[in-house]
Amino acid sequence: MSALLSVTDAHVAYGKVEAVRSVSLEVGANEIVTIVGANGAGKTTLLSAIMGILPLKGRVSFAGQDLARLDIEDRVAMGLGLVPEHRELFVTMNVEDNLELGAFRIERSRAKSSIERVYALFPRLKERRKQLAGTLSGGEQQMLAMGRALMGEPKLLMLDEPSLGLAPIIVADIFRIVTELRASGVSVLLVEQNAQAALKIADQAYVMELGEFVLSGKASDIAANERVAASYLGFQHEGASAI
Amino acid sequence: MNTTIMLFLVQDGITNGAIYALLGLALVLVFAVTRVILIPQGEFVTYGALTYASLAAGQMPGTAKLALALGIGAFAFDLFVARKALHGRLVVRSLLTNVVLPAIVLALTVYFAAQKPPVAVSIALSLVIVAMIGVYLYRIAFQPLAHTSVLVLLIASVGVHLALQGLGLLFFGAEGQRGPAVLSGAFTAGALRFTGQSLTVYGITIAFIVGLWLFFGLTLYGKALRATAVNRLGARLAGIRTTLSGQIAFLLASVIGALSGIMIVPITTLYYDSGFLIGLKGFVAAIIGGLVSYPLTAVAALVVGIVEAFSSFYASNYKEVIVFMLLIPVLLLRSLAAPAVEEEKD
Numbered sequence: 001m002s003a004l005l006s007v008t009d010a011h012v013a014y015g016k017v018e019a020v021r022s023v024s025l026e027v028g029a030n031e032i033v034t035i036v037g038a039n040g041a042g043k044t045t046l047l048s049a050i051m052g053i054l055p056l057k058g059r060v061s062f063a064g065q066d067l068a069r070l071d072i073e074d075r076v077a078m079g080l081g082l083v084p085e086h087r088e089l090f091v092t093m094n095v096e097d098n099l100e101l102g103a104f105r106i107e108r109s110r111a112k113s114s115i116e117r118v119y120a121l122f123p124r125l126k127e128r129r130k131q132l133a134g135t136l137s138g139g140e141q142q143m144l145a146m147g148r149a150l151m152g153e154p155k156l157l158m159l160d161e162p163s164l165g166l167a168p169i170i171v172a173d174i175f176r177i178v179t180e181l182r183a184s185g186v187s188v189l190l191v192e193q194n195a196q197a198a199l200k201i202a203d204q205a206y207v208m209e210l211g212e213f214v215l216s217g218k219a220s221d222i223a224a225n226e227r228v229a230a231s232y233l234g235f236q237h238e239g240a241s242a243i
Numbered sequence: 001m002n003t004t005i006m007l008f009l010v011q012d013g014i015t016n017g018a019i020y021a022l023l024g025l026a027l028v029l030v031f032a033v034t035r036v037i038l039i040p041q042g043e044f045v046t047y048g049a050l051t052y053a054s055l056a057a058g059q060m061p062g063t064a065k066l067a068l069a070l071g072i073g074a075f076a077f078d079l080f081v082a083r084k085a086l087h088g089r090l091v092v093r094s095l096l097t098n099v100v101l102p103a104i105v106l107a108l109t110v111y112f113a114a115q116k117p118p119v120a121v122s123i124a125l126s127l128v129i130v131a132m133i134g135v136y137l138y139r140i141a142f143q144p145l146a147h148t149s150v151l152v153l154l155i156a157s158v159g160v161h162l163a164l165q166g167l168g169l170l171f172f173g174a175e176g177q178r179g180p181a182v183l184s185g186a187f188t189a190g191a192l193r194f195t196g197q198s199l200t201v202y203g204i205t206i207a208f209i210v211g212l213w214l215f216f217g218l219t220l221y222g223k224a225l226r227a228t229a230v231n232r233l234g235a236r237l238a239g240i241r242t243t244l245s246g247q248i249a250f251l252l253a254s255v256i257g258a259l260s261g262i263m264i265v266p267i268t269t270l271y272y273d274s275g276f277l278i279g280l281k282g283f284v285a286a287i288i289g290g291l292v293s294y295p296l297t298a299v300a301a302l303v304v305g306i307v308e309a310f311s312s313f314y315a316s317n318y319k320e321v322i323v324f325m326l327l328i329p330v331l332l333l334r335s336l337a338a339p340a341v342e343e344e345k346d
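Which chain is which? The protein sequence lines are G and A, in order. Using our numbering, you'd call the opening residue of the first sequence number 1 and step up by one each time. Using our numbering, you'd call the opening residue of the second sequence number 1 and step up by one each time.
What the hints contain is simulated information worked out from the structure, not anything from laboratory work. It cannot be assumed that every hint is accurate.
Some chain A residues near chain G, calculated using beta-carbon distances under 7 Å [to be verified]: (1) 82; (2) 83; (3) 88; (4) 89; (5) 222; (6) 227; (7) 231; (8) 234; (9) 237.
Every value quoted in this text rests on a predicted model; they were computed, and no experiment measured them. Quick reminder that beta carbons are idealized off the backbone N, C-alpha and C, glycines included.
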């Protein structure tokens, strides 16, 4: 098995309501994989369950190891990172402390060079490094959330709606950085409502509807698919947000 | 009232207030990190004080045995939780920290108790014993409930308090005890007389507050604790174990409690149940600080201490009533200032 992350027949339920049904997916090394779908399709639920925040029925393996008995913190230590939709920053602490804590499980000497790499990726964060996270703008908070996750040296970074509520110019910046991550050897699992932008940078794509994958394949094929075009891309102009 | 009496009362109030400040800070810390309202904080005070006093008197304190018993319990919990994926390193580590360590401390306590140890040894042993009790209690009573509501944690906290108080009666008897002063001697400055013990209280309190401030501001673990308090999920996603944060918080709280007890017991006779009332006064300060603000808690603690000193001079029968009445205007103001919020689920 060569896939970095492989999810087989996953079910996630809130009580009796199954939010994710029989979902299987794979993310390979150096790959951007996107899950697109409407609001409430179960995308966030799936990411949370892969991270260990919600209980999942089925099999999830990462870097060849079964994750079933591992806590969130163990998964982080293995190189699985999540930037959640609500970012979950330490709002009363400054940017630098947020980043430093992202490397909690990393050797101190390596953390120092990681922080420089993150600042190189997001120069804005360096300018604001003594500012409290809660006082940053939405775009800066998203950058900080991504930076904090990168401090943990993830092999796979899962991004939940990174473009939500951000200005188009910042969205473009964030998508550019996602492709840079792939170039530097980090795989990305990207959940987006902005299907057009996501499909443009992704290698593989899954389309999720009502808790199930209805389509999957190469991102370029999915983007060309008529049904997808009608449901998710149809009413948009180039570069516009899907929300 | 003349100035001398007033100065004396203020001085007395500040000495007590310093202790309440430490206890209040520990309560705020534990609540912020684990959402536990630490009612047994007072027992840490009594256990620290009476363990110290017993050792100084050449008696064997039962708390050392309790630490070993709780450690064995904590070890059993660790084994049970990891039963499906037991591996050698985990078992050895848990065995060392939960069983071997308290066993060594118990052996040392037995050895030293027989020969009236020097003050420094008694203090060190008392602190270590109570610290272990605090950490193992977290493992046994609170860590398994970590995901439940504040109310459930509060009920567990009351249960632990009652159990510890009962055990305190068993270990130390109903008689009160006093310990030897950490620093004897005294000097006068103008109208005021400073005893070595009150100077110790000021010194240790200030050192501890500065130490905590440095710990939270500069060290990675200190920041991790703050992070857990600010955003539990965010901390977990950064790889910070909430159980580790909880352990550190309980470790600090139990050390602070024990240290406070050791500082008070040369000044006042302490009984097995005295800690509760002392802890409650720290709690009053913590409530005035809204269970979140460290500086406000420290200031409030000094106010509580001074109010207590003055009310014991003017109306000693009502001194507790007056101190706890401080809460009413504060809560009233807070309830008017803050919008009604439902308890957060996480």
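Status of each hint after checking the structure:
no.	hint	in the structure
1	82	violated (9 Å)
2	83	violated (11 Å)
3	88	violated (17 Å)
4	89	violated (14 Å)
5	222	violated (10 Å)
6	227	holds (5 Å)
7	231	holds (5 Å)
8	234	holds (4 Å)
9	237	holds (6 Å)
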